[in-house]
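Chain by chain, the residues:
Protein chains: 2
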Amino acid sequence: MPKVNLAEKLAQFSSHWDPHVVADYNGNDVMVVKFQGDFPFHHHETTDDFFLVLEGEMIMDVDGESIPVGPGELFVVPKGVTHRPRAETECKVLLIEPKGEPNTGDPATAAAKPRI
Amino acid sequence: MPKVNLAEKLAQFSSHWDPHVVADYNGNDVMVVKFQGDFPFHHHETTDDFFLVLEGEMIMDVDGESIPVGPGELFVVPKGVTHRPRAETECKVLLIEPKGEPNTGDPATAAAKPRI
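Sequences listed follow chains X and E, in order. In terms of my numbering, the first sequence opens at residue 1 and continues consecutively. In terms of my numbering, the second sequence opens at residue 1 and continues consecutively.
Quick caveat, the hints were computed from the structure, so don't treat them as lab data. Among the hints, erroneous ones may be present.
A pair holds if it fits inside one copy or across any two, identical chains being indistinguishable in the list.
Claimed, not checked - Straight-line distance between alpha carbons at most 27 Å, and here's what the computed DSSO-like set of lysine-lysine pairs gives:
no.	residue 1	residue 2
1	Lys9	Lys113
2	Lys9	Lys92
3	Lys92	Lys3
4	Lys79	Lys3
5	Lys3	Lys113
Using the sequences and the accompanying hints, generate a full structural model.
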């Protein structure tokens, strides 16, 4: 039951849009991820999508708006709502999704979510 | 579906051990809370307990150890495990628990968890 230092985990990889699992919470993966560029628009049929920005700025495109989300700000996209996270420069994010949920909303295009 | 600025939410109250709900994630309360002093030892029968330190230092007493947890560090206490968070000086924490879960593990002593 160790504590998890998020910066130490983020230092272990450099890839973008590649979430890495750092802890478990009630059947959810708690992940760190680096965003840069545009992710595809997508939605999750059965789950909310939890984002907390740790460093940099994420833009959340949702409901026809582009919402800047900075360090210490969180954004929960409700299930079923189409959204696109993007970042003009690298942004570091804490992400929570249920285990097995494809990060793209589609198993065919989902990232592997390795544990570190 | 607004973003949530955690520092702005934390500025709205000064009480300790008094979690305030700032967002929802799949039936969980996402909360901010200020710790100072010692909380009672307790456990949660049916849920893990998620802590992310935002500012200051939390000490987690668990399994006979006292583990310092600082800013950018998270700690998930598995369900059923007795633990005690404490803080020598004020510490600000992001806390996630299922809706309705008493923060003390006991409805008789639980905080109200107002929404802000």
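message: Please list, smallest to largest, the hint numbers that this structure does not respect.
response: Nothing - there is no hint that the structure violates, so all of them hold.
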